[in-house]
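Chains A and B are the protein sequences, given in the same order.
For the first sequence, my numbering gives the first residue as 16, with consecutive numbering after it.
For the second sequence, my numbering gives the first residue as 16, with consecutive numbering after it.
Do not take every clue at face value.
Since the list gives no way to pick one copy over another, a pair counts as held whenever it fits inside one copy or between any two copies.
[To be verified] Dumping the calculated BS3-like pairs for lysine-lysine here, alpha-carbon to alpha-carbon at most 27 angstroms:
hint, residue 1, residue 2
1, Lys261, Lys238
2, Lys292, Lys238
3, Lys97, Lys205
4, Lys261, Lys276
5, Lys221, Lys185
6, Lys218, Lys92
7, Lys92, Lys205
8, Lys138, Lys345
9, Lys211, Lys92
10, Lys141, Lys211
11, Lys98, Lys205
Hints are computed from structural coordinates only; laboratory data are not their basis.
Quick caveat: nothing in here was measured; it's all calculated off a predicted structure.
There are 2 protein chains.
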Amino acid sequence: MKKEVRIVIDTIGGDNGAEVCVNGAIEGLKQHPEVHIILTGHEEEINKYLEGKEYDKNRLEIINTTEEISLNEPPVKAVREKKDSSLVVGMNQVKEGKADAFISAGCSGAILAGGTFIIGRSKGVKRAPLAPLLPTTKTPALLIDCGANVDAKPEVLVQFAQIGSIYMQKICGVKNPRVAIVNIGLEEEKGNALVKSTYPLLKACKSINFIGSIESREIPNGKADVILTEAFVGNVILKLYEGLAKMLLGEIKGAIMSSLKSKIGGLFIKSSLKGLKSRFSASEYGGAPLLGLNGLVVKIHGNSKEGEVISAIRQCLTFVDQDVNGLIAKGLADEVAEESLEASANAAE
Amino acid sequence: MKKEVRIVIDTIGGDNGAEVCVNGAIEGLKQHPEVHIILTGHEEEINKYLEGKEYDKNRLEIINTTEEISLNEPPVKAVREKKDSSLVVGMNQVKEGKADAFISAGCSGAILAGGTFIIGRSKGVKRAPLAPLLPTTKTPALLIDCGANVDAKPEVLVQFAQIGSIYMQKICGVKNPRVAIVNIGLEEEKGNALVKSTYPLLKACKSINFIGSIESREIPNGKADVILTEAFVGNVILKLYEGLAKMLLGEIKGAIMSSLKSKIGGLFIKSSLKGLKSRFSASEYGGAPLLGLNGLVVKIHGNSKEGEVISAIRQCLTFVDQDVNGLIAKGLADEVAEESLEASANAAE
Chain A
16 MKKEVRIVID
26 TIGGDNGAEV
36 CVNGAIEGLK
46 QHPEVHIILT
56 GHEEEINKYL
66 EGKEYDKNRL
76 EIINTTEEIS
86 LNEPPVKAVR
96 EKKDSSLVVG
106 MNQVKEGKAD
116 AFISAGCSGA
126 ILAGGTFIIG
136 RSKGVKRAPL
146 APLLPTTKTP
156 ALLIDCGANV
166 DAKPEVLVQF
176 AQIGSIYMQK
186 ICGVKNPRVA
196 IVNIGLEEEK
206 GNALVKSTYP
216 LLKACKSINF
226 IGSIESREIP
236 NGKADVILTE
246 AFVGNVILKL
256 YEGLAKMLLG
266 EIKGAIMSSL
276 KSKIGGLFIK
286 SSLKGLKSRF
296 SASEYGGAPL
306 LGLNGLVVKI
316 HGNSKEGEVI
326 SAIRQCLTFV
336 DQDVNGLIAK
346 GLADEVAEES
356 LEASANAAE
Chain B
16 MKKEVRIVID
26 TIGGDNGAEV
36 CVNGAIEGLK
46 QHPEVHIILT
56 GHEEEINKYL
66 EGKEYDKNRL
76 EIINTTEEIS
86 LNEPPVKAVR
96 EKKDSSLVVG
106 MNQVKEGKAD
116 AFISAGCSGA
126 ILAGGTFIIG
136 RSKGVKRAPL
146 APLLPTTKTP
156 ALLIDCGANV
166 DAKPEVLVQF
176 AQIGSIYMQK
186 ICGVKNPRVA
196 IVNIGLEEEK
206 GNALVKSTYP
216 LLKACKSINF
226 IGSIESREIP
236 NGKADVILTE
246 AFVGNVILKL
256 YEGLAKMLLG
266 EIKGAIMSSL
276 KSKIGGLFIK
286 SSLKGLKSRF
296 SASEYGGAPL
306 LGLNGLVVKI
316 HGNSKEGEVI
326 SAIRQCLTFV
336 DQDVNGLIAK
346 GLADEVAEES
356 LEASANAAE
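Let's have the full structure, built from the sequences with the hints guiding it.
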């Protein structure tokens, strides 16, 4: 039998309340016999949704918490002060080794702050990036970083490129992943101050397959496997991807419903369009991992439904199985070792 | 009869060569009797495409130019040195009052550099923003700035908000246009350093209707009329909009073509989808104006076809008719006057 994997699910903070978390947990337990789930949040409410459902009671536990972190409070302060919130209690489970992974649909800022201040970064990791997968016409691409590291430094971006490459190689099985930096033109001299100072560092970085700049219009075409950018731009790309895909698919539905003739046509293409919609739906890809920590943290979308929770559980199993954070820590350490070896060799010459 | 409007079309630099410019010019002449077109570029090539076509020869002239500005050269240097390029010669026509407007599908950098250094900014304008309209589920929104002003200062962004408001009010007929700044969250304390320092200035600016932050996922829903952002992020938004819409519409086509059943369904919804496609096509909205100059400059997409050229001609007529740059200059001057009046009033108190 496989090793037990213990996953905390934060039931507070998502737009759809505790119900989707509870239902996702029950389904996760059914699908994966090695999973043990810990739900943090309001015990009474959780029990209400568990009532009458069938699940293995030995593999599900509840930790009652009394505080809530809201979207409107400064995240670092909230994480420091609200010790009995579902997020802080859940992350402490990971910190203390009582759980392997933490899943939340709560406020990004608090998840990022908690990941860094409670669980902590792996040795050698400068900042922890939030890195979701984006659908493309080819294989999905990793967008790194969409987190809270706004106004990042060039060295941090280079490390994100390394972390993203390790992730795509080890978790997604992409050989020699192509890394590109988001830019407003393809030429090396293009860009803002940050891109201009990061570009030569990426070019010089031997451990990644840097293919140069990428304009955002090429992202959906799968031109790169690791889409590198600082968090502000990453956040804009991620949310525009979601918003525009949702809007366009909605408009298409509207176009189909606009006449009797097109309604009939719509019936014929329904199943083909459904496949497309699911490719662009968040539930397909699970959540965005916060990488480079001493434990797994997966941020799922605020409006996640049961499907996203189930995908995130599956994702955590892969992460534990592949030891993603261990690989990142090791990968970065190897590079440092190689660099210093090279430096000594150069010094000796 | 309406006053003659003289428009230069730069036939060099677009992906589809001089042919689309020539065809667009001929169609523009047909549709608008008040238009006079000046084509700059290789006379021999232009004549090749004009041959056998019917048009009013008194309203079309050619200025032969011998140099070309390529994508790979630094734009400011190119504009300064290549005096006999189609772009520089064309812009000089505007500068010297021999033409009212300049249209080009050439390199953005060179168009922006030429706009500033050859035609020049209107009095009071700190930087000239490139501001295309984006399709939304409601009325189109103005994305300002997508130009070359990367790493912009907060004061410049505030002026872009004012310029964008004047544009939406006077040209697009939007009353009290809602201005929002692109951000990674809705709360005032969210954002990178630039957004955080610009936000309070926008709040204090009386001449605009500032509604706060906008997350990129809300842009397609028409939540704001003026989408304010610095040029790097603006460029990313614009190109992702294009790339993602193109990709999604392509995937839908693929889904329809995937089976006989869905192919039949596709025939029924063809006309409805066509309407949607045209709403998202660049040709519908014409080009992006470079605002705040002493003359009109419209940048059309590099891969523009005849339709975009025709739309850009129509757009120039509206701009001339409404005196967009005059209104911007006047609007900004009025504000300065009002502010200094207020300042003196305050000082007198």
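Evaluation of the provided hints:
1. Lys261 to Lys238: Intra 22 angstroms, inter 15 angstroms, cutoff 27 angstroms: intra and inter.
2. Lys292 to Lys238: both (21 angstroms within a copy, 24 angstroms between copies)
3. Lys97 to Lys205: between (45 angstroms within a copy, 20 angstroms between copies)
4. Lys261 to Lys276: Close inside one copy (24 angstroms) and across copies (25 angstroms); limit 27 angstroms.
5. Lys221 to Lys185: within (18 angstroms within a copy, 54 angstroms between copies)
6. Lys218 to Lys92: between (39 angstroms within a copy, 26 angstroms between copies)
7. Lys92 to Lys205: between (39 angstroms within a copy, 14 angstroms between copies)
8. Lys138 to Lys345: within (9 angstroms within a copy, 58 angstroms between copies)
9. Lys211 to Lys92: between (34 angstroms within a copy, 19 angstroms between copies)
10. Lys141 to Lys211: both (21 angstroms within a copy, 24 angstroms between copies)
11. Lys98 to Lys205: between (46 angstroms within a copy, 23 angstroms between copies)
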